[in-house]
Amino acid sequence: MQEESSERGRKRRNGAVKQVGISGCMARIGRGKISHAGNMKPVIVVHGGAGKIVKELDETYRLGVKRAVLKGYDVLRQGGSALTAVEEAVIVMEDEPIFNAGHGSVLNEKGYIEMDAIIMDGKNLDSGAVSAVRNIANPIKLARLVMEKTDHMLLTCEGATLFAKAQGIPETPNDTLITERSRKRWMKNLKENSNPIADQIGLGTVGAVAIDCEGNMACATSTGGLTNKMVGRVGDTACIGSGGYADNNVGAVSTTGHGESIMKVILARLILHYMEQGKSPEEAADAGLNYMKSRVEGTGGAIIVNSSGDWTAKFSTNQMSWAAVKDDQLHIGIYHGENNVIPLEKAL
Amino acid sequence: MEPVIVIHGGAWAIPDHLAECSKTGVKNAAKCGYSVLVNGGNSMQAVESAVRILEDDRSFDAGHGAVLNANGDVELDALIMDGKNLAAGTVSCIKNISNPVTYARLVLEKTSHSMLTGKGADAYAEKLNIARVSRDELVTEYAIQEWEQYHKYKQSVTNLFNTEKAHDTVGAVAIDSEGNVSCATSTGGITNKMVGRVGDSPILGCGGYADNHTGAVSTTGHGESIMKVTLARLVLFYMEQGDTPKAAADQALEYMLHRVHGRGGLVAVSKNGQWAARFTTKRMAWASIQNGILTYGLNPEEKFQECLDNFSCR
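Chains A and B are the protein sequences, given in the same order. The opening residue of the first sequence carries number 1 in the numbering used here; numbering runs sequentially from there. The opening residue of the second sequence carries number 1001 in the numbering used here; numbering runs sequentially from there.
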């Protein structure tokens, strides 16, 4: 530690330095403002939704969560905050059409995309969220603006759209956000005897949790919700404690799965409660998901990081695409029990 | 099981001119909810009936009497939750409806969803033939005056709450003779809020939570602070660990004050029928009925009791 900080000091004097080391946390270097880099090793975990993932799309999902986690880790490695890391990671997945968030979101019963998103800062429990927002590319960015630019925590519908306009966020036409896959699924579900819930296959929410080198934690979750949902339906994602929760004293969680079930058990907050009582992230995730299954017959998944940097990705659905980076190792998986470990330099 | 109902009419610095009607309002709501319970109704019916009384009472910021947003419009939030199966219905940012709590219950019963918002919620209300009321019917002279004042001086929400001038939220919790608990919460939010602002009231675990294994809670106060600590769920976590409703309420409100500097209040009932009405604001109108005894108060640590012979919904 001693060596590392003195090296940092030297490089600081020498001016701009891009990167200290692949695993270290570099102090952010600004004009006259030098932040003290903490001792925490940064960790980030992302998920691309819990559900059933068909074999043909297996690789596409892996690539998507990998790109997201590497983007977020890059932020952390350069001394960025957990908040920015989770936001950036989620933006990657919102922009990637395979995921049910931002571009690629599912359609509601009227053929519109209505999205929910939340972001939370574990330092002071600040949070921002949007629900049923239309015509924007990155709801997670809007959620962060709600947190930082208003006195409120959740803006909905037209109010959220008005706020986006006032913040200079460009309007994205509904058609630009729709993929062929989403439109086909919607058409199929308009027919009689269709089963939109069963057809939700592979269409989970995206999310990220991280701890930065200062020990600050954050979570972010974003979704297009349930396919063929009623106009104005809001799921768990936008609801604090359900779609996500972050508290520096305990940890950060982002959830995915059957939204109405997650809301009934307030899954993210429940998992953190188990951790407060001494459970590891893995035990807490299992306890939370088991409770949701036995009490309200709901399945889902969660990613978690705690204040020591321990992390997990667990799910009670068939599959969940997820990826994590810690100690220069990329972890990635989709199936139960799967954890592929790849050294970071090979993954880049 | 001996049925219990507990009501709150919002935690804030209730001005003297509203003190008497606030007390009368929560007493009436408690009597109405209790009459449902003693006549064989369940706790869901009881909390809904009680909250409807408060929504119809112009002294409270919910339904009739709701405050106005930045555009001078009324946007209402409500939640209802059944502790038996954790089923819940919530609505946010709805317009032109007298009794949002009843609509929340219809969302629970008639859809596969838990929460509806904005125009989609309004459209579904029309489909269900829920009576529409004009904005002017919901708005009181007091709400307009308040709005004009805050609009003129552009006070922030934080300011509003620092001075504790903000109106707030009504709610009820109950346990019926079968031991089922429920909660309901309804609000117009805060004066001059941004268009589309949703507070804690319709968010499960924040504005309310009910679970037969533990108890039920309905909260009120600074919405953004309540959301940050998921206040209703927090109170029930403490109760799960063995705290009485009173101890759990005090601990959770204390945590909210320390961690995020937010004030509020709540009513809680446990699965054993113990109850509490607690607040860290200057005042909160509350009332409860158990064993035919009406207990109520407004100022901190204040408690009045009346024996009741008959109860009815007025």
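Heads up, a few of these hints could be off.
Stated by the list, open to error - Far from chain A, by Cβ distances over 12 Å, these chain B residues were calculated:
id : residue
1  : 1077
2  : 1112
3  : 1122
4  : 1124
5  : 1136
6  : 1211
As the list claims (entries may be wrong) - As a list, the in silico SDA-like pairs of lysine to any residue whose alpha-carbon atoms are at most 25 Å apart:
id : chain 1 : residue 1 : chain 2 : residue 2
7  : B       : 1127      : A       : 190
8  : B       : 1110      : A       : 286
9  : B       : 1084      : A       : 318
10 : A       : 191       : B       : 1126
11 : A       : 123       : B       : 1251
12 : B       : 1119      : A       : 274
13 : B       : 1110      : A       : 112
14 : A       : 110       : B       : 1246
15 : B       : 1119      : A       : 293
16 : B       : 1023      : B       : 1282
17 : B       : 1152      : A       : 166
18 : B       : 1095      : A       : 215
19 : B       : 1119      : A       : 123
20 : A       : 123       : B       : 1152
21 : A       : 165       : B       : 1095
22 : A       : 149       : B       : 1261
23 : B       : 1246      : A       : 274
24 : B       : 1119      : A       : 183
25 : B       : 1095      : A       : 191
26 : B       : 1246      : A       : 276
27 : A       : 110       : B       : 1280
28 : B       : 1110      : A       : 148
29 : A       : 110       : B       : 1132
30 : B       : 1110      : A       : 123
31 : A       : 110       : B       : 1152
32 : B       : 1119      : A       : 327
33 : B       : 1084      : A       : 287
34 : A       : 293       : B       : 1271
35 : B       : 1152      : A       : 55
36 : B       : 1119      : A       : 134
37 : A       : 55        : A       : 180
Keep in mind the hints are simulated off the structure, nothing from the lab. Heads up, the beta-carbon is just placed ideally off N, CA and C, and yes, glycines get one too.
We went through each hint and held it up to the structure:
1. Listed as a non-interface residue, residue 1077 of chain B fails to keep its Cβ farther than 12 Å from every Cβ of chain A; the least gap is roughly 10 Å.
2. At the 12 Å boundary, the C-beta of residue 1112 of chain B falls inside the reach of chain A, the nearest C-beta of that chain being 7 Å off.
3. Not every C-beta of chain A lies more than 12 Å from that of residue 1122 of chain B, the closest at about 8 Å, which undercuts listing it as non-interface.
4. Not every Cβ of chain A is farther than 12 Å from the Cβ of residue 1124 of chain B; the closest lies at roughly 7 Å, contradicting the non-interface assignment.
5. With a least beta-carbon separation of about 21 Å from chain A, residue 1136 of chain B lies farther than 12 Å from that chain, consistent with its non-interface assignment.
6. With a closest Cβ-Cβ approach of about 9 Å to chain A, residue 1211 of chain B is found to fall inside the 12 Å limit, against its non-interface label.
7. Between residue 1127 of chain B and residue 190 of chain A the CA atoms are separated by roughly 19 Å; this keeps the pair inside 25 Å, and the hint holds.
8. For the suggested pair residue 1110 of chain B and residue 286 of chain A, the alpha carbons sit about 32 Å apart, so the restraint of at most 25 Å is broken.
9. Taking the CA atoms of residue 1084 of chain B and residue 318 of chain A, the gap is near 28 Å; set against the 25 Å cutoff, the hint is violated.
10. Note on residue 191 of chain A and residue 1126 of chain B: the hinted pairing holds, with a Cα-Cα distance of about 24 Å set against a maximum of 25 Å.
11. With a C-alpha separation of about 21 Å, the suggested pairing of residue 123 of chain A with residue 1251 of chain B holds against the 25 Å cut-off.
12. Proximity of residue 1119 of chain B to residue 274 of chain A is assessed by CA-CA distance (about 38 Å); at most 25 Å being required, the pair is judged violated.
13. The hinted pair formed by residue 1110 of chain B and residue 112 of chain A meets the criterion: a straight-line CA distance of about 22 Å does not exceed 25 Å.
14. Note on residue 110 of chain A and residue 1246 of chain B: the hinted pairing is violated, with a Cα-Cα distance of about 47 Å set against a maximum of 25 Å.
15. For the suggested pair residue 1119 of chain B and residue 293 of chain A, the alpha carbons sit about 33 Å apart, so the restraint of at most 25 Å is broken.
16. At most 25 Å may separate the alpha-carbon atoms for a hinted pair to count; residue 1023 of chain B and residue 1282 of chain B meet this at roughly 15 Å.
17. Proximity of residue 1152 of chain B to residue 166 of chain A is assessed by CA-CA distance (about 21 Å); at most 25 Å being required, the pair is judged to hold.
18. Taking the CA atoms of residue 1095 of chain B and residue 215 of chain A, the gap is about 43 Å. The hint is violated against a cut of 25 Å.
19. Under the criterion of a C-alpha separation no larger than 25 Å, the hint pairing residue 1119 of chain B with residue 123 of chain A is inconsistent with the structure, at around 35 Å.
20. About 35 Å separates the Cα atoms of residue 123 of chain A and residue 1152 of chain B, which puts this hinted pair outside 25 Å; it is violated.
21. Proximity of residue 165 of chain A to residue 1095 of chain B is assessed by CA-CA distance (about 23 Å); at most 25 Å being required, the pair is judged to hold.
22. Taking the CA atoms of residue 149 of chain A and residue 1261 of chain B, the gap is about 19 Å. The hint holds against a cut of 25 Å.
23. The suggested pairing of residue 1246 of chain B with residue 274 of chain A holds, with an alpha-carbon distance near 23 Å, which does not exceed 25 Å.
24. Restraint check: the Cα-Cα separation between residue 1119 of chain B and residue 183 of chain A comes to about 23 Å, which is no more than 25 Å; the hinted pair holds.
25. Of the pairs offered as hints, the one joining residue 1095 of chain B and residue 191 of chain A is violated, with about 32 Å between alpha carbons and a cut-off of 25 Å exceeded.
26. Restraint check for residue 1246 of chain B and residue 276 of chain A: satisfied, since their Cα atoms lie roughly 22 Å apart, inside the 25 Å limit.
27. Pair hint residue 110 of chain A plus residue 1280 of chain B does not hold up; C-alpha atoms about 45 Å apart against a cutoff of 25 Å.
28. This hinted pair does not check out: residue 1110 of chain B and residue 148 of chain A have alpha carbons roughly 37 Å apart, beyond 25 Å.
29. Taken as a hint, the residue 110 of chain A and residue 1132 of chain B pair is honoured in the structure, with Cα atoms around 23 Å apart against an allowance of 25 Å.
30. For a cut-off of 25 Å, the pair hint linking residue 1110 of chain B to residue 123 of chain A is broken: about 40 Å separates their Cα positions.
31. Distance hint between residue 110 of chain A and residue 1152 of chain B is unfulfilled; the C-alpha atoms sit about 40 Å from each other, more than 25 Å.
32. For a cut-off of 25 Å, the pair hint linking residue 1119 of chain B to residue 327 of chain A is broken: about 48 Å separates their Cα positions.
33. Simply put, residue 1084 of chain B and residue 287 of chain A have alpha-carbon atoms about 20 Å apart, close enough for the 25 Å limit, and the pair holds.
34. Annotation: proposed proximity of residue 293 of chain A to residue 1271 of chain B holds, straight-line Cα distance about 23 Å (limit 25 Å).
35. Among the hinted pairs, residue 1152 of chain B with residue 55 of chain A is inconsistent with the structure: their alpha-carbon atoms are about 60 Å apart, more than 25 Å.
36. Of the supplied pair hints, the one linking residue 1119 of chain B and residue 134 of chain A holds, its CA atoms being roughly 12 Å apart against a limit of 25 Å.
37. Distance check on the hinted pair: residue 55 of chain A and residue 180 of chain A sit about 19 Å apart at the alpha-carbon level, within 25 Å; holds.
Violation of the numbered hints given earlier is confined to hints 1, 2, 3, 4, 6, 8, 9, 12, 14, 15, 18, 19, 20, 25, 27, 28, 30, 31, 32, 35; the remaining hints are satisfied by the structure.
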